[in-house]
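Let the hints inform the model, and build the full structure from the sequences given.
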Amino acid sequence: MSYAKRDPNNPPNYYYNLNKKQQQNWMKTAKKMNKNEDLQAKYSPFKSSSNINIIHIHHKSTIDTINDLIILANRTSRYTVDTESERKKINNDALIQIQFLHSTDASTIILIETAYLPNPQTTLYTKIKELWSTIFNNNNEVITWGTVENEFNNFHHLDFINL
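Position 12 of the sequence shown, counted from 1, bears residue number 22 in the working numbering, the numbering being contiguous throughout.
A couple of the hints might just be wrong.
Claimed, not checked - Pairs of lysine-lysine, BS3-like flavour, derived with a Cα cap of 25 Å:
1) K15 <-> K41
2) K70 <-> K139
3) K70 <-> K52
4) K30 <-> K42
5) K15 <-> K42
6) K52 <-> K42
7) K15 <-> K38
8) K31 <-> K41
9) K30 <-> K41
10) K31 <-> K15
11) K38 <-> K52
12) K70 <-> K57
13) K15 <-> K45
14) K15 <-> K52
15) K31 <-> K52
16) K45 <-> K31
17) K42 <-> K57
18) K52 <-> K41
19) K30 <-> K45
Stated by the list, open to error - Here are the simulated distance ranges between beta carbons:
20) R85 <-> N160: 26 to 36 Å
21) Q50 <-> I153: 31 to 41 Å
22) L105 <-> Q33: 37 to 47 Å
23) D115 <-> Q50: 39 to 49 Å
24) K70 <-> L49: 36 to 46 Å
Read the hints as simulated data drawn from the structure, not as lab findings. Yeah, the Cβ is synthetic: ideal placement off N, Cα and C, and Gly gets one too.
Now the structure itself:
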């Protein structure tokens, strides 16, 4: 239960000193709070049914981490992908999220922070490209909000995105 209760049927004294808009907001908030209280009493908190391992990929990632992900990617055939971009930037890519759906009770999510990738001449960058190729080979199922091509419209300046 919440420590703050608002009873729309019995507002506090200060309520009557509020202007019309403030009173409407107070009532709206009171009703929302009561609804949330009811939902919290009715349902238990969400608990993920799987163990999720989140790994950030950037210039400080280790080659061992990428190698482990390549091994995992070779054993995985289904992925979900989502991208995030920043508006008003020339290369407005920001983040690539890839979830490895490798079992019903566990998954791995990699977050590729595109603004913080290593120099393209490094071994680490080459390993990230290898991971990318492993994930996006033709035998794997990739689930996105739209087409895979549209998902990566803002990322084509990255040389490993050849979809």
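### Message
Please list, smallest to largest, the hint numbers that this structure does not respect.
### Response
Those not satisfied are hints 3, 12, 15, 23.
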